[in-house]
Amino acid sequence: MTRQPARFRPRLSVPNLAPMVDVVMVILIFFMLGTHFALSEGLLPMRLPKQVGPGGGARVAVVPAVRISLVAVPDDAMCGIEVMGRPLEQNTFHALRELLVAKRQAGADPNGPVFIHTDPDVRHQHLVSALDACAAAGMTNIQLAVGVGARLAPAAKRRT
Amino acid sequence: MRRPISPTPLEINLAPMVDVMMCLLIFFMLATKMVEREHSRIDLPAARSAPRSISGARSERFVVNVLAAPRPSAGATTYIVQEQTLTPQQVAEQLGLRRAVDPELRCIIRADRTVPYRDVEAILIACAEADMRDVAFSTIEHDEDRP
Chain A
38 MTRQPARFRP RLSVPNLAPM VDVVMVILIF FMLGTHFALS EGLLPMRLPK
88 QVGPGGGARV AVVPAVRISL VAVPDDAMCG IEVMGRPLEQ NTFHALRELL
138 VAKRQAGADP NGPVFIHTDP DVRHQHLVSA LDACAAAGMT NIQLAVGVGA
188 RLAPAAKRRT
Chain B
8 MRRPISPTPL EINLAPMVDV MMCLLIFFML ATKMVEREHS RIDLPAARSA
58 PRSISGARSE RFVVNVLAAP RPSAGATTYI VQEQTLTPQQ VAEQLGLRRA
108 VDPELRCIIR ADRTVPYRDV EAILIACAEA DMRDVAFSTI EHDEDRP
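One line per chain: the protein sequences are A and B, in this order.
Here the numbering used here = 1-based position in the first sequence + 37.
Here the numbering used here = 1-based position in the second sequence + 7.
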């Protein structure tokens, strides 16, 4: 069998994948970073009180272990913090956390219900900061008080 | 005299790499689309102690986005559920329908940090009336520059 000259040998045609790989790598990195940012959120869980809802006819008076009130003040950067009806000496969420930690160290049940009442004009950040202070102090049973019945009309809200 | 050895062309087989990259790309594209449909771009409140995960399957959670008005005089707060702008009444109706189907449903509220509590309370009241007591607020990691 005679060997063919080089100019008659069939040549393999291989597509150049390098540009495609470049583009796919850029797109892949974009989606990886985008997905990471979207999922880097935390969740602050809580329970709404049991006595609300359709079965709220049989309301039970629950005595909270700690009752926190967030009161709207003219200074928009902060709200007033009251615990069991008394304002904190230092009106900060750090002081709230320290107070709750002290209550726990004094024997308060960490599973005892912590009720949070919030004025309608208080910003959402302040409510979350109060929840954060409760969670950081080890309080696990955090409940929000909401008005039920006359709903979705701010002028007609009723507090429970 | 010996003949010089002709150099062999070195070729890298990129096909397996392209396969893997395409699979990864499709995975992240689908995952990102799922997140975008549930979430809107919101300036979330900061919290230090919140766990950094979204627990539960997507079918077991009801995500409500509460967007602040761009300016105080620009109008009311906007509620978005799966890219649909709804009124609080419509959010309550959808909550009731989903809750009737799935008793284990959890409501996740993604509210802007500047929104007044009355606008968040509207969603909480809707949850309470639907007998959905498992509620969670979305937060971001604590930022020292924020209050």
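Hints may be right or wrong, so weigh each one.
To be verified - SDA-like, lysine to any residue: derived pairs with alpha carbons at most 25 Å apart:
{"no.": "1", "chain 1": "A", "residue 1": "K140", "chain 2": "B", "residue 2": "F35"}
{"no.": "2", "chain 1": "A", "residue 1": "K140", "chain 2": "A", "residue 2": "P56"}
{"no.": "3", "chain 1": "A", "residue 1": "K140", "chain 2": "B", "residue 2": "T39"}
{"no.": "4", "chain 1": "A", "residue 1": "K140", "chain 2": "A", "residue 2": "D113"}
{"no.": "5", "chain 1": "A", "residue 1": "K140", "chain 2": "A", "residue 2": "P124"}
{"no.": "6", "chain 1": "A", "residue 1": "K140", "chain 2": "A", "residue 2": "D158"}
{"no.": "7", "chain 1": "A", "residue 1": "K140", "chain 2": "A", "residue 2": "R84"}
{"no.": "8", "chain 1": "A", "residue 1": "K140", "chain 2": "B", "residue 2": "E111"}
{"no.": "9", "chain 1": "A", "residue 1": "K140", "chain 2": "A", "residue 2": "D112"}
Calculated directly from the structure, the hints in this document are not laboratory data.
Bear in mind the structure is a predicted one, so any value in this text is a computation, not a measurement.
Hint check:
1. A:K140 with B:F35: violated, 47 Å
2. A:K140 with A:P56: At roughly 64 Å apart (the allowed maximum being 25 Å), P56 of chain A and K140 of chain A break the hint.
3. A:K140 with B:T39: Not satisfied, since the Cα-Cα distance of roughly 44 Å exceeds 25 Å.
4. A:K140 with A:D113: violated, 29 Å
5. A:K140 with A:P124: Satisfied, since the Cα-Cα distance of roughly 16 Å is no more than 25 Å.
6. A:K140 with A:D158: The hint is violated at about 29 Å.
7. A:K140 with A:R84: Satisfied, since the Cα-Cα distance of roughly 21 Å is no more than 25 Å.
8. A:K140 with B:E111: Not OK: K140 of chain A and E111 of chain B at ~33 Å, beyond 25 Å, violated.
9. A:K140 with A:D112: violated, 29 Å
Figure legend: structure checked against the earlier numbered hints; hints not met, in rising order: 1, 2, 3, 4, 6, 8 and 9.
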